[in-house]
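A.B. asks: Listed here are the chains, written in short residue letters.
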Amino acid sequence: MAKIHLNGKKVTIKPKTTIYELLKKIKLHSKKVAIEHNGIIIPKSNYKKKYLKNNDKLEVVHFIGGG
Amino acid sequence: MKKDIFKVANKKLKSRLIVGTGKYKNFRETARAVKESGADMVTVAVRRVNILDKKKPILTDYLNPKKIIYLPNTAGCFTSEEALRTLRLAREMGGWKLVKLEVLGDKKTLYPNMIETLKSTKILVKEGFKVMVYCTDDVLLAKKLEDFGASAIMPLGSPIGSGLGLQNKVNISLIIKQSKIPVIVDAGIGTASDATIAMEMGCDGVLINSAIANSKNPIKMAKAFKNAVISGRDSYLAGRMKKNYFAIPSSPTDGLI
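If you're matching them up, the sequences are chains A and B in order.
First residue of the first sequence? That's 1 in my numbering, and the numbers climb one at a time after it.
First residue of the second sequence? That's 1001 in my numbering, and the numbers climb one at a time after it.
Careful, some of the hints might be misleading.
[As the list claims (entries may be wrong)] Sample of chain B residues with no beta-carbon within 10 Å of chain A, all distances over it, derived: (1) T1021; (2) T1030; (3) V1046; (4) T1060; (5) E1127; (6) G1239; (7) G1255.
[What the hints assert, rightly or not] Straight-line C-alpha distance at most 30 Å; calculated DSSO-like pairs for lysine-lysine: (8) K1180/B with K14/A; (9) K1180/B with K1220/B; (10) K1055/B with K1003/B; (11) K1220/B with K31/A; (12) K32/A with K1177/B; (13) K50/A with K1014/B; (14) K1126/B with K57/A; (15) K27/A with K1023/B; (16) K31/A with K1012/B; (17) K1180/B with K32/A; (18) K1025/B with K9/A; (19) K1242/B with K1130/B; (20) K1122/B with K1177/B; (21) K50/A with K1097/B.
[What the hints assert, rightly or not] Example chain B residues on the side facing chain A (calculated, C-beta under 7 Å, incomplete): (22) T1043; (23) R1047; (24) I1051; (25) P1057; (26) L1059; (27) L1084; (28) R1088; (29) L1089; (30) G1095; (31) L1098.
Source of the hints: derived by calculation from the structure; they are not laboratory data.
Cβ coordinates follow ideal geometry from the N, Cα and C atoms, glycine included.
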């Protein structure tokens, strides 16, 4: 198992999980979010290629109401 | 008469009223107010997804980004780095290149930090962003933003969320006169008549959030702002009468009995 920091929270995931698989697991549509992996923005086209490792920091953001 | 077209960064907008989507009771109210306002552009913020509560409604389910222009903002950012990070993420989210930059300098007044704002504008323009910039009413700095390639200048009328109206008409007027890009008053407008005044002065548009969302009836206030902006624009285009110090009768004096 691998431990990652997902939006500041510690989350345990299976080893060799891709970003795409993680989004699927937490039921988020890739179209509606943007992701930063260890400080680097990951293009949507790379979600299936990007594997998560122990201690990785993942930021998943979306649009909310704002002025 | 030439058709009055409002264009920001080559995007044609039907309405000169841009509305914020924050501070509403819920997304249903947001969507109804936006609809009633007639705005075709709305500002949105970029925040972390709530991973624990996935049942929480999301904005895009209520306001379709295919039907209305999303203008991602950098609200809450106090440094250039934070603002750039936010807008780069926003661009990745949906391909948005048209963005609203705001880099704040002080928590109490939410006054823009113009040093960081100018720095960020330069970088964003270089990266291909179309940047609408929240800024102070400083005439020279507004010109600098235009020189740096900003797509619109958005000076405050008074502090964000204060509802104090236009406290700086002279400066706003000077900025309007010198600018070749749209000038949109952002922040401070408290009620519909403030928007009319801004438009009568020759602003290209206004951006309203709190004045609608924090009113007692946001749906009705959204409509009031829609009409206020149209009225102000028409009044500006029509050109006001000259002011006179003494009375001039409205009825003819010829043929008086």
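A.B. asks: Quick one: work out the minimum CB distance from T1030/B to chain A and report holds if it exceeds 10 Å, violated otherwise.
C.D. replies: violated, 6 Å
A.B. asks: Taken at face value, is the distance from the CA of K32/A to the CA of K1180/B at most 30 Å?
C.D. replies: Given that 30 Å is the threshold and the Cα spacing comes to 35 Å, the pair is violated.
A.B. asks: Between K1180/B and K14/A, does the CA-CA distance stay at or below 30 Å?
C.D. replies: violated, 56 Å
A.B. asks: For a C-alpha distance cap of 30 Å, please report whether K50/A and K1014/B respect it.
C.D. replies: Violated, at about 42 Å.
A.B. asks: With a cut-off of 7 Å on the beta carbons, see whether L1084/B makes it to chain A.
C.D. replies: Violated. Min distance 11 Å.
A.B. asks: With a cut-off of 7 Å on the beta carbons, see whether T1043/B makes it to chain A.
C.D. replies: holds, 6 Å
A.B. asks: Looking at T1021/B again, its CB stays over 10 Å from all of chain A?
C.D. replies: violated, 4 Å
A.B. asks: Would the hint on R1047/B stand, with a C-beta cut-off of 7 Å toward chain A?
C.D. replies: holds, 5 Å
A.B. asks: Is the interface hint for L1089/B satisfied, with its Cβ closer than 7 Å to some Cβ of chain A?
C.D. replies: holds, 4 Å
A.B. asks: Let's test the interface hint: is any C-beta of chain A closer than 7 Å to that of G1095/B?
C.D. replies: Interface hint status for G1095/B: violated (10 Å vs cutoff 7 Å).
A.B. asks: Has the given pair, K1242/B with K1130/B, been kept, meaning a C-alpha gap of at most 30 Å?
C.D. replies: violated, 39 Å
A.B. asks: K1126/B and K57/A: Cα distance at most 30 Å?
C.D. replies: holds, 28 Å
Comparing the model with each earlier hint shows violations of hints 1, 2, 3, 4, 8, 9, 10, 11, 12, 13, 17, 19, 25, 27, 30, 31; every other hint is respected.
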